[in-house]
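Colleague: Listed here are the chains, written in short residue letters.
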Amino acid sequence: MVGSALKRLMAEYKQLSLNPPEGIVAGPVNEENFFEWEALILGPAETPFDGGVFKTSLLFPTDYPMSPPKMRFISDMFHPNIYPDGRVCISILHSPGDDPMGYETSAERWSPVQSIEKILLSVMSMLAEPNPESGANVDASKMWRDDREQFDKQAERLVRKSLDLPPDL
Amino acid sequence: MKIEDIFAPQRIESTLGAVLVFVYLPFGSLLLLFRIFLTLNYLCSQLVFNSICSHSNIIRRSLERSILAVLGVFVVKRKSEIQDSKSITVANHVSRCDHIILPALCNSTSVDNCSFSSGLKNLLRVEPLTSHKAEVVKTIKSIQENHSSVFCFPQLLPTNNQALIKFSEWPFAMELPVQPVAVRAKRFLPIAHSTIDSTWWQDILWTYFSIVTIYDVTYLPTVAMQTDEDTSSFTDRVRKIIADELDVPCTNYGISDVREYLKRMRFEARKPQLHMSDSRDGRTAHMAKQVKDILPHVPLSVIINDVEKTQSVDVTVTNLLEGVVKFVPEQPSSPSTSSTSPSNQGKPNVVHNQRSFSRNPNLRHMSLQERKDAFVKQARDAYLKKHGFL
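Same order as they appear, the protein sequences are chains V and P. Counting in the numbering used here, the first sequence runs from 1 upward without gaps. Counting in the numbering used here, the second sequence runs from 1 upward without gaps.
Hint data in this document are derived by calculation from the structure and do not stem from the laboratory. Virtual Cβ for every residue (Gly too), placed ideally from N, Cα, C. Please note that the accuracy of each hint is not assured.
[Unchecked claim] One-sided excerpt, in silico: chain P residues whose CB lies under 7 Å from chain V: (1) 34; (2) 293; (3) 294; (4) 296; (5) 321; (6) 368; (7) 376; (8) 377; (9) 379; (10) 380; (11) 383; (12) 385.
[Said to hold, decoys possible] Far from chain P, by Cβ distances over 10 Å, these chain V residues were calculated: (13) 7; (14) 20; (15) 30; (16) 31; (17) 35; (18) 38; (19) 78; (20) 86; (21) 89; (22) 133; (23) 142; (24) 147; (25) 150; (26) 159; (27) 164; (28) 167.
Bound-form chain V, shown alone (with noise of 0.2 Å):
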């Protein structure tokens, strides 16, 4: 199992390195241990996290394909879908079995022909357009619903911080 999970991460690397989508660098921290990636995620534009890039760790299971990897947010992130601890509130990585949020379609869900591209293009545009009614961060949902201006302040400080820009330019 171990070894048809390393496999294919090696696959996967290799696509990601061959033919990255744009806006992503993503590859395994060490190549001693490919179950631990890391991903560079560049903000969409036109979007209040515009231009920033963040940092993301992927943690795979050793069954993965069949279970999907866990993900968080490395840099401060203010996001209504992602948790203030940094993971990711996103039903690409939710198995068809587990919903916590009881509203997600199984053909949304992990199953194993996603892929970490996949993942990471998920992530972007989640990134572009929150979905308020999975509030992981309930004070980004709520400052993203009704003060935009404000989280686009608190969005652009997080742009300058993850480019490691002083906050006062």
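With chain V held as given, fit chain P onto it using these hints.
Modeller: Same frame as chain V, now just chain P:
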């Protein structure tokens, strides 16, 4: 009467029979071995006899009989032989070695299209039969000139003596009188003389294995074809005569029905194997699915082909990933994973295409790190430029 009732499906049918045969097995095996060697001697002696005297020589006949007796074959002849040497002897068929046993005991030559080699046929006095009537007539004539009678088994297949199947018509079309013979065979052990799909050598070996096999041969009065009869009704008449003597019914089954039944039977016997191969296919399908789960972009047909060869999920995955097995990637019919990639138009190109994927992990990692650094740097520059700091 059903067709399966005419033949013994197995050599030993009842449980009691199986027990008896099992108890007898050690003795029977020794007997079998001894008789096989004796048969070799017998065949050699036939070779010698063939060169010094004819088949009807009295010394030779008595010697043959005694050897056959030691081989466990006895013949009880009833009623005097009707001395019409120009007739064809027609008998019912009880085992596939009838061609060999009966002519030897009855001073006759059997004709049959059976599958012995020609040398063996000469030794065993079995004449081959062709489909040309003229040649058959010639064969019969030459046999009769040697003061031997022609012995044939128009049933073509041995039955279990519970009924007679239709006779082949060729012996009755020779315009010769026919000598009907009713043959019964008896054994002390419940071992069938032949089964529906036995071969002649199997029948012989089982005969050797049994202590004795007694052939009860009854010669019936010679019959000739009557003027108002055609061949088929003459055939039926002779069959009826033999059936009456044996006290068994005549059936409407012919040789082709039996062959059809045999084919069907063999097909059914093969069915369990088909199921087995089904389960093998099921295992292959299961493994193929596992591979497909890991590598969804590989066409299933390619996976199945390779899994059948490797019989291993891991090996197939490796083959596919390392390009040992070539394939055209297919677009996986993925469920709606929002590939609505956000519009990055107007953004500087932050894609760092890696031209090659190094086999060396260190180089690979270095390049990943470089790409990350360049990625961040490019994003930072783009940000500063956009906001007018550069």
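Colleague: Does each hint hold? Answer for all of them.
Modeller: Hints, one by one, checked against the model:
The beta carbon of residue 34/P comes no nearer than 62 Å to any beta carbon in chain V, farther than 7 Å, and the hint placing it at the interface is violated. Below 7 Å, beta-carbon pairs count as interface contacts, and residue 293/P has one with chain V at about 4 Å; its hint therefore holds. Given hint, residue 294/P at the interface with chain V, holds; its Cβ is 5 Å from that chain's nearest Cβ, closer than 7 Å. For residue 296/P, the interface hint holds, the least distance from its beta-carbon to any beta-carbon of chain V being 4 Å, beneath 7 Å.
With its C-beta approaching chain V no nearer than about 5 Å, residue 321/P sits inside the 7 Å limit, and its interface hint holds. Restraint check, residue 368/P versus chain V: the minimum CB separation of about 4 Å is within 7 Å; hint holds. Given hint, residue 376/P at the interface with chain V, holds; its Cβ is 5 Å from that chain's nearest Cβ, closer than 7 Å. Look at residue 377/P: its Cβ only gets to about 9 Å from chain V, farther than 7 Å, so that hint breaks.
For residue 379/P, the shortest C-beta to C-beta distance to chain V is roughly 5 Å, which falls under 7 Å, so the interface hint holds. For the restraint placing residue 380/P at the interface with chain V, the shortest Cβ-Cβ distance is roughly 5 Å, inside the 7 Å limit, so the hint holds. Checking residue 383/P against chain V: minimum C-beta separation of about 4 Å stays under 7 Å; hint holds. The interface hint given for residue 385/P is violated, since its Cβ lies 10 Å from the closest Cβ of chain V, which is over the 7 Å cut-off.
Residue-level check failed: residue 7/V sits 5 Å from the nearest beta carbon of chain P, not beyond 10 Å. At roughly 6 Å from the closest C-beta of chain P, the C-beta of residue 20/V falls inside 10 Å, breaking its exclusion from the interface. Listed as outside the interface, residue 30/V is inconsistent with that label: its C-beta sits roughly 7 Å from the nearest C-beta of chain P, within the 10 Å cut-off. A beta-carbon of chain P is positioned within 10 Å of the beta-carbon of residue 31/V; the least distance is around 4 Å.
At roughly 15 Å from the closest C-beta of chain P, the C-beta of residue 35/V stays outside 10 Å, upholding its exclusion from the interface. The claim that residue 38/V is not at the interface with chain P is violated, since a C-beta of that chain comes within 10 Å of its own (minimum 8 Å). Under the 10 Å C-beta cut-off, the non-interface status given to residue 78/V relative to chain P holds; the minimum distance is some 18 Å. No beta-carbon of chain P is positioned within 10 Å of the beta-carbon of residue 86/V; the least distance is around 19 Å.
Even its closest Cβ contact with chain P, about 15 Å, leaves residue 89/V beyond 10 Å, as expected for a residue assigned away from the interface. No Cβ of chain P comes within 10 Å of the Cβ of residue 133/V; the nearest lies about 15 Å off, and the non-interface call holds. The beta carbon of residue 142/V is kept farther than 10 Å from every beta carbon of chain P, the shortest such distance being approximately 24 Å. Under the 10 Å C-beta cut-off, the non-interface status given to residue 147/V relative to chain P holds; the minimum distance is some 23 Å.
Even its closest Cβ contact with chain P, about 19 Å, leaves residue 150/V beyond 10 Å, as expected for a residue assigned away from the interface. Its closest Cβ contact with chain P, about 7 Å, brings residue 159/V to no more than 10 Å, contrary to its assignment away from the interface. Its beta-carbon lying about 7 Å from the closest one in chain P, residue 164/V breaks the requirement of being farther than 10 Å from that chain. The beta carbon of residue 167/V sits about 13 Å from the closest Cβ of chain P, which is more than 10 Å, so the claim that it is off the interface holds.
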